[in-house]
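Engineer: Residue-level listing of the chains:
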Amino acid sequence: MTSLASPAGAVRKPWPFAALLAELWNDKAAVAGLSVIVLLLLAALLAPWIAPYDPAAQSIASRLTPPAWLPRGNLEHLLGTDQLGRDVLSRVLYGSRASLLVGVSVVTLAGSFGVVLGLLAGFNGGRVEAMIMRLVDVQVAFPGLLLILLVISVVGPGMGTLIVVLACTNWMIYARMVRAIVLGVRQSPYVEAAEMIGCTAGRVIFRHVLPNLTSPLITLGILEFTNIMLAEAAMSFLGLGIQPPATSWGLDVANGRDYVFVAWWLVTFPGLAIAATVLAINLFANWLRVTTDPQEREKRFARAMAAERRRRRRSR
Amino acid sequence: MDMRNEAPLLEIDGLEVEFDTRRGVVRGLRGVDLKIGRGETLAIVGESGSGKSVTAQAVMGLIDVPGRIARGDIRWMGQSLVDDPKGDGRGVRGKEIALVFQDPMTSLNPLMKVGTQIAEVLTRHLGMGDEEARIRVLELLEAVGIPAPPRRAAQYPHELSGGMRQRVMIAMAIACEPKLLIADEPTTALDVTIQAQVLELIAGLQETLKLSVLMITHDLGVVAGLCDRIAVMYAGRIVETGFADEIFERPEHPYTQGLIRSTPRLDDRTERLTAIDGSPPNMLVPPAGCAFRPRCPVAGPDCEIEPPLVTTLPGKSVACWRSGTPAWPAPTGHIAAEVRTSPSELPDVRPILRVRDLGVDYEASTPGFWGRMRKISALKGVSFDVFPGETLGLVGESGSGKSTIGRAVLRRLEASEGRIFFKGRDITDLKGEALRQTRREMQLIFQDPYASLNPRMRVLDIVAEPLIVHGLIRKAEEGREEIGELLRLVGLPKDAHDRLPYAFSGGQRQRIGIARALALKPDFIVADEPVSALDVSVRAQVVNLLQDLQQELGISYLFIAHDLSVVRHISHRVAILYSGRMVEIADRETLYRSPCHPYTEALLSAVPVPHPATQRARKRLVYRGDIPDVAHWPSGCHFHGRCPLADQRCSIEVPRLTERSPGHWVACWHK
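Going down the list, the protein sequences come from chains Z and S.
Here this note's numbering is used: the first residue of the first sequence is 1, the next is one more, and so on.
Here this note's numbering is used: the first residue of the second sequence is 1001, the next is one more, and so on.
In isolation and in its complexed conformation, chain Z is listed as follows:
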């Protein structure tokens, strides 16, 4: 994090955003990923203002209008309309809200639960650890889809149910990772030092162990987010997730399924949205993973320098 000018080790210097951005700029794929993520966030936040129509508004007169650039298309519906005459562009914009909301809530919920259990397991060891980790094993071994089907058929579908159910089937990875890191950190001399000087368990966890978890957790959370998004799409596709009149990309793909051969745009645009989002997040997360690992980060820098030098030599 140190830029060339800052004195070594000075605390509370301004966060070197400029240096970080310059580093990001070198990785064009990550820049593209971040741009897509930002656009998606904007779309979700501003959907009511930028969407041309109410996503649920039907208009039988203009059913199955193709996108604007096709012969029968018109500029009123840029991405065309569906079988009920709803505007596809508006639906894609509104659909991003469901995807993001479900993704963020599930990651937060599953993350907190997994982190707490992982900390408990890693820190206490012994019987507590054995019980928690066997619970993780059981949950991993149990088919998630089956559990979701079971719960939803009892409780009934809906966004709230979907969030809770997805959280219940996705917390294990956090618990496992946190436990592994905590086991490592617990062995480290500075945690032993903290215990030697009389720190209580709580203080050791919050001051000495938890800070080590932030960067791997951020990376894991972002990657998990894409999984959850896909899961939400799948659930909605199956009719177990978001319920009409609300919209979601997965739901739209499901709706367009019967019209694939007459109106390809119904499945294509929400499908593309899902794919682009997942790809963008993965590209960005890859950069973030390297950036939060000091060693990898140094190597990436040196490789960029070596490439630069080769380029210069060739052009000479």
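Heads up, a few of these hints could be off.
Claimed, not checked - Which bits of chain S does chain Z cover? Going by a derived footprint, with three or more residues having C-beta under 8 Å, they are:
no. : segment
1   : 1014-1026
2   : 1626-1637
As the list claims (entries may be wrong) - Output of the computed footprint for chain S on chain Z, the stretches with three or more beta carbons under 8 Å from beta carbons of chain S:
no. : segment
3   : 42-52
4   : 190-201
These are calculated hints, taken from the structure and not from any lab test.
The beta carbon of each residue, even a glycine, is placed where N, CA and C say it ideally should be.
Chain Z is already provided as a structure; the job is to place chain S on it using the hints.
Structural biologist: Just chain S now, with coordinates in the frame of chain Z:
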């Protein structure tokens, strides 16, 4: 023939290696010139970051991202290895130049039998057939002194001990009959008695195979008995090179002088070690001019120009404008044994710590899912006292249980038998708050100054934490003054408060750790290898600091170390441990002058003395065999398998510590 013999085997010419980091270009090597002749043994001596390992890596072609060779050349018998477009030099590395690494565990493939690994080298480099290679493997294992080669060849690396693995590495290195063997800290990861075996092996091989050896080490002692010539490196350059005896007898560069003076010697004792102030420079911004200038006591304005490496005597070169000037005050004289009496000899002193029949068991699960817990005894029947204001040195090799004792005394590990009394109070079963309060008076100094400080906390917060958790202050800022005083006491700069640990060098970090241990004003400190992770020139600073603190504050130390020279320097009394048992305990002079237990004798004779003439003249007892594994202790006296005096009784009955002369206890049936 003569002509060829005179041409150097390896020639390094103005070599510069740079590392691209996000903070700028680190200049790892800043122009290294070196020649190695046939059959010659050259040692490169230097501290961490001096560039000694980078030099070896450059020769082997192992410089990888982020490093690169920026300038200079490496020639093998006249043939450049750096500028080599046709790849003529490819066959040289690995075949004619072989490398032995520091850590044999990470450089052997754990999934391959050692015999197969050596055979692979033979079939690939020499094109041997399988059967031919198999026979040669056994010959090689025999040559490096591995008993029962056919059995060992069929084992995996993890089944061998550290010393055996290093022998396998050496067997692999000499498999292609190289002309030059590069040994990069070959014995640093090994115990002293095993180190002696491996050094002897290298010296023997050099003679029989007419090898040239390039030895890379930080340990002057290792160099002394083995090498013809020495090159001392500092901050990416060679500062002095010459014949070994010359360098040790008449070091000219102030750094070399300081290095030799700051290394404690087993064979003599000075009141105080010469400490080189400061720490090695940051190679991101190397100081202008002579890199040693900021730490050099005789530096002057002319040192702002980098001195070239100039030949002063035949075979000797120095890079210093004031070469030969005595840079450090003469040692304060040798002190006799009587001068520093141990507090244990004073009448009416009650020990601050009494340990009686201490034993510690570990639980290990037997293999398999339903494996039951099995007790492994790491320590048994250990008794000793520590008196107020005294330093008890605890020496042993790996698996001896020395760290286990330290942790058990502090109640970080549960004692499975025996009692521990602290200030007359039995603390063996203390729990919870009572234990927390007792620990205020006993603290721990760690081995690794990098890992023992939380990298995300400011120095102020680190040193204030003990005060906060014991409710003496509420916020770190409240203790700013008190902590400033502590930092001054351990010799840290005033502005250290607000910086993070990474801004400090190893020695300074160790000082931070010591300040933290002192914050609660303990009477007793366990120092677990407090200087073994530090650079040689910095070690003396920390050793001196610990001694000063003892004088000033009357603290008692339990000083755990594997380095007998440092222990001799700092301790009043010394206890020797061997695989979980105490074999001898005595006051320092008695123990070092007239050791009684055969193991103590072997240990003392195995420690290399950093003085070539002395080292060559010493009679060394190199006992065969390995230290027993904790999980499979032998019966009777644990040393009987390696002991020349052992008889049947030793393999059955465990000898108890008995007093031979006042204060001198030995556990042996024969001595």
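Engineer: Are there three or more residues in the segment 42-52 of chain Z whose C-beta lies within less than 8 Å of some C-beta in chain S?
Structural biologist: Answer violated; 0 residues pass the 8 Å Cβ test.
Engineer: Would you check chain Z against the segment 1014-1026 of chain S, counting CB to CB pairs closer than 8 Å, and say if three or more residues qualify?
Structural biologist: holds (count 6)
Engineer: Are there three or more residues in the segment 1626-1637 of chain S whose C-beta lies closer than 8 Å to some C-beta of chain Z?
Structural biologist: violated (count 0)
Engineer: Under 8 Å between beta-carbons, do enough residues of the segment 190-201 of chain Z, three at least, approach chain S for the coverage claim to hold?
Structural biologist: It holds, with 10 qualifying residues against the three required.
When held up to the earlier numbered hints, the structure conflicts with 2 and 3 and fits the remainder.
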